[in-house]
Structure formats: C-alpha cells, structure tokens
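Now for the letters of each chain:
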Amino acid sequence: MDDPVAAGAAVRLSGLRKSFGEVRAVRGVELTVAPGEVLALLGPNAAGKTTTMEMLLGLTTPDAGEVTVFGRTPRRATAEGLVGAMLQSGGFLGEMTAREIVGVMAAQYPGSLRVADALARAGVEKYAKARYGGLSGGQKQRVRFAAALVCDPDLLVLDEPTVAMDVAARADFWAAMREYTTGGRTVIFATHYLAEAQEFADRVVLMRHGEVIADGSVAAICAKVDGRTIRANVPGAALAELRRLPGVGSAETRGERAELHCADSDAALRALLAAWPAAYDVSVTAMSLEDAFVVLTADDAGERV
Amino acid sequence: MGTLVWTELRTLSRNTTFLLITIALPVVFFLVMSEVFGGQDAGGFDMARYMMISMAAFAAMSVSIAVGTRVGQERLAGWNRQLRLTPLPGWAYVASKVVVALALVLPAVALVFLAGLAIKGVSLSGGQWLGLLVTVWLGSLPFGVIGLALGLAVKPDAAEGVGVAVYLPMAMLGGLWVPVEVLPPFMAAVAKALPSYWVAENARRQLADGLPGLAGPAVALGWFAVVGIAVAALYRRDAARI
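Read top to bottom, the protein sequences are chains A and B. For the first sequence, the numbering used here puts the final residue at 349, and the numbers step up evenly by one. For the second sequence, the numbering used here puts the final residue at 619, and the numbers step up evenly by one.
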C-alpha cells in the first residue's frame with residue numbers, strides 16, 4: 045500500500061503461481077493494470093488465463109505471489125462490490141428467470157444498480173421473465189453480463205464473454221460494453237476472438253504455458269514478431285525445405301499452399317522464387333494480431349521473445 | 378439472504394415434480410398406511426393418529442433432505458461459485474438452505490395433519506395440533522443439515538439420488554414405516570439413536586404428556602451440531618476446489 049503505483053493500480057499481480065498436481069497452470073505472472081484500462085488476455089487453451097482470473101477474483105488461492113485489487117485483497121474487493129465477473133465456471137440455475145437471478149445478485153450489494161437498469165444495460169429485458177435454462181447460449185451470456193454489472197463495479201472481469209454469441213449479438217455486446225467503459229471503468233477480458241482484442245482493448249497480454257509472453261498495445265505486440273508473412277502456392281515444395289529458406293522463422297503448408305512467417309521477407313522471397321520459379325499467387329503481408337498470436341504462442345516459439 | 382430464500386421458495390413453488398414428491402407423497406403414504414394398519418392397536422394410541430404422526434415426521438424429513446441435496450444442482454450449475462463473488466458470507470448461503478427447508482416443512486406437515494383431520498377423523502384440540510406442528514417442525518432441523526452435508530459431500534449429479542437412498546432407510550430404521558414396538562430389539566436400539574425416530578416420538582410424547590421430554594431433543598440437537606460442523610468443513614472444502 046506504501047508503493048504509490050501499487051496503491052493506485054486497479055489490479056496488481058506479482059509473482060503469481062498456481063499448480064494443480066503436476067500441472068503448473070500459472071508460472072510467475074507479473075501484471076499491473078491501471079484504472080480505466082481495457083485489457084485483453086489472450087492465449088491458447090490451457091495458457092493459464094482462467095486460473096489467473098480466478099486468483100484475481102479470490103476464487104482460487106495462489107501457491108505463491110500476491111494479488112491486490114484496488115489495493116485490497118480480492119476477497120475484500122469483491123465483498124465491497126468493486127468487482128463484477130462473468131466466469132466460465134460460474135453459472136445460474138436453469139429454473140430461475142433472468143430477473144430473479146439478477147435480483148438475487150443485486151440484493152447482496154448495498155450500492156447496486158436497480159435490477160431493471162442492469163437488465164436494460166445488458167439488453168435482456170425481452171426475456172427477463174423466461175427460465176434461464178430455456179435461453180440460447182448467447183442470451184445466457186447476456187444474462188450473465190447483467191448479473192456481473194448489477195453491483196455497478198469499477199472492475200469487470202470477463203472470461204470469454206462472447207462465446208456462443210452470433211455476430212450480431214457480439215456487436216451488441218461490445219456496444220453495451222463500450223458504453224459501460226466510457227465512465228473510466230477497468231475491464232479485463234479473455235477471448236479467443238482476436239478481432240475483439242484488436243478492436244476493444246487498449247492493451248493486450250499474451251499468455252502461454254502459464255507465463256506472460258507479450259504485453260503491450262496491439263501495434264506493439266504485432267511489432268514484436270518481426271517481419272511479414274509470405275503466402276504462396278508452391279508446387280513441389282516440402283515443408284522442411286521451406287523452413288530452411290533464408291529469413292524464414294516458421295512455416296506451414298496446406299496442400300501446395302504455403303505460409304511463411306519471415307524475419308526478412310525480402311531474402312526469403314528471392315530464395316523462394318529462385319528455388320521454385322513456378323510459385324504463384326504470392327502475397328506478402330504485415331503481421332496481423334492473429335499472425336503474431338500464432339507465432340508467439342506456437343509450441344516451438346521457445347525463446348523467440 | 379432474504380431475497381435468496383424468497384427466490385428459492387418461488388422457484389420451488391413452480392417445480393411441480395419437486396412439490397409432488399416431497400409434499401404430496403407423504404399424504405398418500407399416510408392414507409395407504411393407515412388403511413393397511415387400520416385395525417391394529419399401538420400402545421393405546423389409535424392407529425390413524427399414530428400413522429399420521431409417523432408420516433408427518435416422514436414428510437418433515439424428506440422435504441428437508443430434498444432441499445439440502447439441491448446444493449448438488451447448484452454446485453453443478455456453478456451458482457454457489459457465482460454467489461461466492463458477492464458479499465454474501467458462506468454461512469448465510471448454508472443457512473439459507475436450512476431456512477428454505479424449514480419453510481417447506483410447515484405446509485408438508487400441515488397437509489398430513491389436514492388429511493388426518495378431514496379424511497381419517499383424527500380429533501385433537503387446537504392446542505394439541507399446534508403443539509404437534511411445532512414439535513415436528515423443529516424436529517426437522519437435523520435433516521436440513523443432513524441434506525446439505527450430502528449435497529456438499531457427494532458428486533454433484535448424484536446428490537439427489539443419495540438423498541433418497543439415505544432418507545428411505547432412515548425412515549425405515551427410525552420406525553416410521555413399521556412401528557418400533559414391532560421391530561426386533563436390536564433394530565429398536567438403532568432407532569433410538571436416529572433423529573428420524575425421535576421426530577415422531579417427540580411428537581407422540583408431547584401429545585401424551587404435554588412435553589417431548591429430554592432424550593429426543595438431545596439426540597436431535599446432537600445430530601444437528603455434529604452434522605452442522607461437518608457441513609462447515611465440507612463447504613470450505615468445496616469453496617477451495619477449483
């Protein structure tokens with residue numbers, strides 16, 4: 045609390061570790077999130093995103109390390125209604141209606157929103173009186189969003205909030221989120237839709253094997269993976285040969301279509317065309333977040349970053 | 378906690394299957410059993426009255442255990458995990474189940490008494506009816522925590538089945554189906570250690586002497602305390618689990 049950065053931070057994780065038996069789910073995560081930041085937590089399955097979120101909410105006790113949320117313990121921060129969360133493991137009883145669910149949540153907090161307001165903000169008024177169990181996957185996610193924001197939290201923690209939503213529902217969801225965060229609220233969300241991170245996050249944290257492997261703006265993450273991607277149809281080329289080309293970091297092939305992630309795309313392109321003059325449909329593109337994600341989280345990415 | 382209790386009562390009131398099994402079934406059992414045993418005499422009591430008390434005890438017990446084991450469903454859905462993210466203390470979540478059980482025991486027991494009065498012609502004074510109701514109602518307390526313990530201890534999807542597998546033998550061994558007086562002596566001894574025996578026996582003694590005595594309430598309180606401590610430990614174990 046004496047450290048002004050720690051005291052002022054919305055979330056501070058230091059030296060966080062957690063194992064489940066043999067599996068080391070989180071291996072030394074350091075992260076400080078400023079108030080008002082919208083942070084996307086990315087990573088392949090089993091990267092440790094969910095475990096990190098559960099420790100930050102006080103649902104799981106870390107083996108080592110420290111968590112503070114607005115300078116408090118997670119348990120205290122949630123008890124004071126500072127944190128709202130949508131979790132993969134949290135859920136509601138199918139026989140309750142959305143209104144009843146949000147009503148029960150609201151009743152636990154002294155300074156909660158009105159139930160009707162929370163339902164309206166999450167866009168669930170139309171099916172507020174229907175049984176939760178009978179709703180579609182996307183509708184259920186929205187009810188969970190309403191339940192997360194009814195305590196009027198300063199920090200929202202969302203674990204894959206738009207899973208099971210169709211394109212239109214996802215757009216609606218993020219529109220509602222954006223409205224919610226204009227008030228300077230902090231959001232930490234995990235997602236598998238990289239476009240969502242690209243579009244909504246101020247900051248991206250990439251995890252792999254329980255560690256943070258990249259942390260920064262979308263542009264900074266993309267720049268971290270040097271070079272460009274060459275895509276081309278290369279008849280007769282073997283993957284191993286492509287990987288040996290100068291300037292190529294990693295390569296994938298599907299049929300004769302090859303995708304080369306290059307540190308030096310100029311050198312790679314010259315060598316490619318010299319070796320396989322018949323290559324066609326060639327394109328060279330800068331790294332998208334998705335490319336960066338693939339490169340950085342690949343199992344053989346090793347000490348690349 | 379009030380909203381939590383109220384909401385659960387509302388959802389249960391819409392759950393016809395649950396109401397039929399927990400509240401209507403004991404009435405049916407009472408009507409059938411008092412026909413079957415109708416002619417016999419049990420310790421100076423008339424049989425309809427005896428069976429009415431036994432089945433009211435059974436109702437109190439089955440409702441309480443059924444409510445408690447619903448925790449299994451809530452664990453399966455992740456509802457208790459969601460509530461753990463709110464300021465609601467763990468003890469209040471656990472207590473809300475006991476309160477819901479107590480609230481449902483009242484109509485379940487009253488319905489058996491009503492059947493006794495209206496169909497089987499059991500005649501008691503207003504004070505006696507009230508005394509019986511209160512005794513059976515309070516006697517149901519250990520079963521609420523027993524159901525909770527099962528709901529927290531066994532695999533979430535098995536909790537309700539295990540609940541039935543516990544309360545049926547407990548009712549049998551407690552002499553609710555077959556009066557303890559006709560059970561072999563060793564079974565009668567087992568019965569006297571069970572809260573299922575005492576919930577009915579307390580009511581009978583209360584009717585005969587105006588007070589249930591000390592043994593019954595002591596056994597019930599013992600069960601309530603011991604299982605209650607187990608529930609606290611099981612809840613902590615469940616909360617620590619990912």
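Please keep in mind that the hints were generated in silico from the structure rather than gathered at the bench. Please note that the accuracy of each hint is not assured.
Stated by the list, open to error - Heads up, incomplete: computed chain B residues facing chain A, CB under 8 Å, no partners named:
#1 L381
#2 S390
#3 T393
#4 T394
#5 E412
#6 F414
#7 L462
#8 S500
#9 K569
#10 A570
Unchecked claim - Residues of chain A clear of chain B, computed beta-carbon distances all greater than 10 Å:
#11 T122
#12 A123
#13 Y324
#14 S327
As the list claims (entries may be wrong) - Per the computed footprint, the stretches of chain A lying under chain B, defined by three or more beta-carbons under 8 Å from a beta-carbon of chain B, are:
#15 99–111
#16 225–239
#17 303–315
Source: prediction; values computed, not measured. For each residue, glycine too, the CB sits at the ideal point set by N, CA and C.
Hints versus structure:
1. Here the hint on L381 (chain B) is kept, as its CB sits about 6 Å from the closest CB of chain A, short of 8 Å.
2. Given hint, S390 (chain B) at the interface with chain A, is violated; its Cβ is 11 Å from that chain's nearest Cβ, farther than 8 Å.
3. Taking 8 Å as the C-beta contact cut-off toward chain A, the hint placing T393 (chain B) at the interface is violated, the least distance being around 11 Å.
4. The interface hint given for T394 (chain B) is violated, since its Cβ lies 11 Å from the closest Cβ of chain A, which is over the 8 Å cut-off.
5. Hint on E412 (chain B) is violated. Least Cβ distance to chain A is approximately 36 Å, over the 8 Å limit.
6. Interface hint status for F414 (chain B): violated, as the beta-carbon distance to the closest one in chain A is roughly 38 Å, over 8 Å.
7. The beta carbon of L462 (chain B) comes within 5 Å of a beta carbon in chain A, closer than 8 Å, and the hint placing it at the interface holds.
8. Interface hint status for S500 (chain B): violated, as the beta-carbon distance to the closest one in chain A is roughly 40 Å, over 8 Å.
9. Hint status for K569 (chain B) relative to chain A: violated, with the closest Cβ pair at about 39 Å, above 8 Å.
10. About 36 Å separates the beta-carbon of A570 (chain B) from the nearest beta-carbon of chain A, more than 8 Å, and the hint is not met.
11. Look at T122 (chain A): its CB is around 5 Å from the nearest CB on chain B, not clear of 10 Å, so calling it non-interface is violated.
12. Separation of A123 (chain A) from chain B is inadequate, the least Cβ-Cβ distance of about 4 Å not exceeding the 10 Å criterion.
13. With a cut of 10 Å on Cβ distances, Y324 (chain A) stays outside the contact zone with chain B, its closest approach being about 51 Å.
14. Against chain B, the non-interface label of S327 (chain A) holds: every CB pair exceeds 10 Å, the least being about 45 Å.
15. Taking a C-beta to C-beta cut-off of 8 Å, the region 99–111 of chain A contributes 4 residues in contact with chain B, enough for the three needed, and the coverage statement holds.
16. With 0 residues having a beta carbon nearer than 8 Å to a beta carbon of chain B, the region 225–239 of chain A misses the requirement of three or more and the stated coverage is violated.
17. Check on the region 303–315 of chain A: 0 of its residues sit with their Cβ under 8 Å from a Cβ of chain B, so the three-residue criterion for coverage is violated.
Consistency note: the structure conflicts with the earlier hints numbered 2, 3, 4, 5, 6, 8, 9, 10, 11, 12, 16 and 17.
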